[in-house]
Amino acid sequence: MNRVIKIFSVVISLFFTTIIHAQDVAALVQKVKVKLDVVKDYVADGTMKTDVSFIKAPVGQVKIYYKKPNQFKLKRDGGISILPKGGVTVNMSSIVSTNDFDVIPAGEEMLNGIKTKKVKLLPRNENSDVVITTMYIDEANLVICKAITTTKENGTYEIEMSYGKYSNYGLPDKVVFGFNTKDYKMPKGVTLEFDDEDKATRDKMKNKKGKVEIIYKNYSINKGIDDAIFKK
Amino acid sequence: MWTLLQIELYKIFRRPRTYIAFAAITSLIAIVQLGLKVDGKEYADFVMADFKNSFSIDGNTLNGYFVCYILLQLLLVHVPLLIALIAADMISGEANGGTLRFLLTKPVSRFNFIMAKFLAATIYTIALLIWLAILALFVSMFIFGTGDMLLLKNSYVVQLQQDDIFWRYFGAFGFAALAMTTVAALGFFLSQFAENSIGPIVATMSVIIFFTILSTMSIPLFNLVKPYLFTTHMVSWKEFFDIKVDENNATIKGTIEHPERIVRSVTILAVHIFLFVGASLYVFKKKDVLS
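In order, the protein sequences belong to chains A and B. When we follow the working numbering, the leftmost residue of the first sequence carries the number 1, and every step to the right adds one. When we follow the working numbering, the leftmost residue of the second sequence carries the number 233, and every step to the right adds one.
Everything labelled a hint here was simulated from the structure, so no lab data went into it. Owing to the predicted nature of the structure, the values given are computational and were not obtained by experimental measurement. Just so it is clear, CB atoms sit at the ideal spot from N, CA and C, and this is done for glycine as well. Just to be clear, a hint being listed does not mean it is correct.
Below, computed lysine to aspartate or glutamate pairings styled on EDC-like, alpha-carbon distance capped at 16 Å [to be verified]:
| # | chain 1 | residue 1 | chain 2 | residue 2 |
| --- | --- | --- | --- | --- |
| 1 | A | 75 | B | 290 |
| 2 | A | 63 | B | 478 |
| 3 | A | 73 | B | 290 |
| 4 | A | 211 | B | 478 |
| 5 | A | 85 | B | 282 |
| 6 | B | 284 | A | 37 |
| 7 | A | 49 | B | 427 |
| 8 | A | 211 | B | 479 |
| 9 | A | 223 | A | 102 |
| 10 | A | 49 | B | 282 |
Looking from chain A toward chain B, a few residues come up when the C-beta cut is under 10 Å (computed) [what the hints assert, rightly or not]:
| # | residue |
| --- | --- |
| 11 | 122 |
| 12 | 123 |
| 13 | 130 |
Sequences are here, hints too, so could you generate the full structure?
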């Protein structure tokens, strides 16, 4: 009888410990959300680097516009910007913009010398494109250092952020966005390029990992942005 | 020599046939520009459909630089046929008109006579390309504006910054001038062997079509001869629009990915011109002119 009581006690205490942990991380996510909620909109200047094996693009000056809840626009000098679908436009604020997700604690991890809490967010809405998001939260500064998001339509992508003078707003100085690339092959009839590419070129294009890096120089926060900017 | 050249240019630009090529290029470019102005977005979406599955592109991709590239891809395949109309008529036309023997009674060396005719054909070719450049590049820039240029290759995408494009067109048109001069030299060479214009014109067109088919088909047997065909090298102007990248795949402004390919193509085209003109000189010097 005593043995049964012992086992029952252990199970009950484990259950409550899990609940307490879940409540802790839920509170942590809520604190991060409150911090991010301060930013209603921003305009930022920065530079963008695209590192994808089959895209030869220059490093360019960009202007980034954001407005709650999820309006995002990136404009580049010279006019043409190439961004992986879905990913870059999703920022941390839009991920935690609602409370419509379940939070699961997933331990702690050191990330670039920073102790972070690992948290998994599961959207409750079955129609959500996001399947799961894993966030690494710097508990001391209440900022998200890394997020891995798996989507239904656009695969899995990884966002790493480092912070500087705008960390009070939860806005990063640098964002590195990693993603898997699909095969890219154009029919020759469309490009009218009938010459064959050499083997070295073909091999180089086989790298399936892509990266977009944005370094933010300055932010102009909560000054108001016309919605028309996002429609252009 | 200068007087001979002036006479030949006068003869070329006096004939209505000369302006067929200018009219054809003008109408072709105008119709393509009109089509792209009206329905260009649909065309750009169709061309980039595969790429847009994974990436979103923001900005004006259908600008003047891109339109000019499309026009060059379409037209530089067909311009040789227009050049053949004049170049292949240079000697045979005189023979057909019965003026060749009369011309050679003048105190002019056969070398100067041939070189003046070839230079006149070359000037016509370059004039045609300048007209093409004005319409395809400058008019397109005026109609569609300027900006970065996004090019889709077979297995990769190239984005060129707008201040890194103009010199590439300068190089591409220079290269095209050399390629078209090769065609003019071929037509000129073939015009030695007939006493009417139709034969050399059709022969020049046939050679270009035949070689172009060999150049574009990826069959191992043809691959052996491809590097030596001038038609293989005529499309190397596109090399000006490929750019080197650093270890992070960022483009390096002012560079060309394969400059050695341009040098090789220029060399092969120059050798062809030299051979065709040299052979023309040799044949004409030996020729017993009876017409």
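Checked hints:
1. Of the pairs offered as hints, the one joining residue 75 of chain A and residue 290 of chain B holds, with about 8 Å between alpha carbons and a cut-off of 16 Å not exceeded.
2. Taking the CA atoms of residue 63 of chain A and residue 478 of chain B, the gap is about 24 Å. The hint is violated against a cut of 16 Å.
3. Simply put, residue 73 of chain A and residue 290 of chain B have alpha-carbon atoms about 9 Å apart, close enough for the 16 Å limit, and the pair holds.
4. The suggested pairing of residue 211 of chain A with residue 478 of chain B holds, with an alpha-carbon distance near 14 Å, which does not exceed 16 Å.
5. Of the pairs offered as hints, the one joining residue 85 of chain A and residue 282 of chain B holds, with about 13 Å between alpha carbons and a cut-off of 16 Å not exceeded.
6. Taken as a hint, the residue 284 of chain B and residue 37 of chain A pair is broken in the structure, with Cα atoms around 33 Å apart against an allowance of 16 Å.
7. With a C-alpha separation of about 63 Å, the suggested pairing of residue 49 of chain A with residue 427 of chain B is violated against the 16 Å cut-off.
8. With a C-alpha separation of about 13 Å, the suggested pairing of residue 211 of chain A with residue 479 of chain B holds against the 16 Å cut-off.
9. Distance restraint check for residue 223 of chain A and residue 102 of chain A: the Cα-Cα separation of roughly 33 Å exceeds the 16 Å cut-off, and the hinted pair is therefore not satisfied.
10. With a C-alpha separation of about 22 Å, the suggested pairing of residue 49 of chain A with residue 282 of chain B is violated against the 16 Å cut-off.
11. Annotation: residue 122 of chain A was flagged as interfacial toward chain B, and the flag is violated, the nearest CB pair being 26 Å apart, outside 10 Å.
12. Hint status for residue 123 of chain A relative to chain B: violated, with the closest Cβ pair at about 23 Å, above 10 Å.
13. Using the Cβ-Cβ criterion of 10 Å, the hint placing residue 130 of chain A at the interface with chain B is not satisfied: the shortest such distance is roughly 18 Å.
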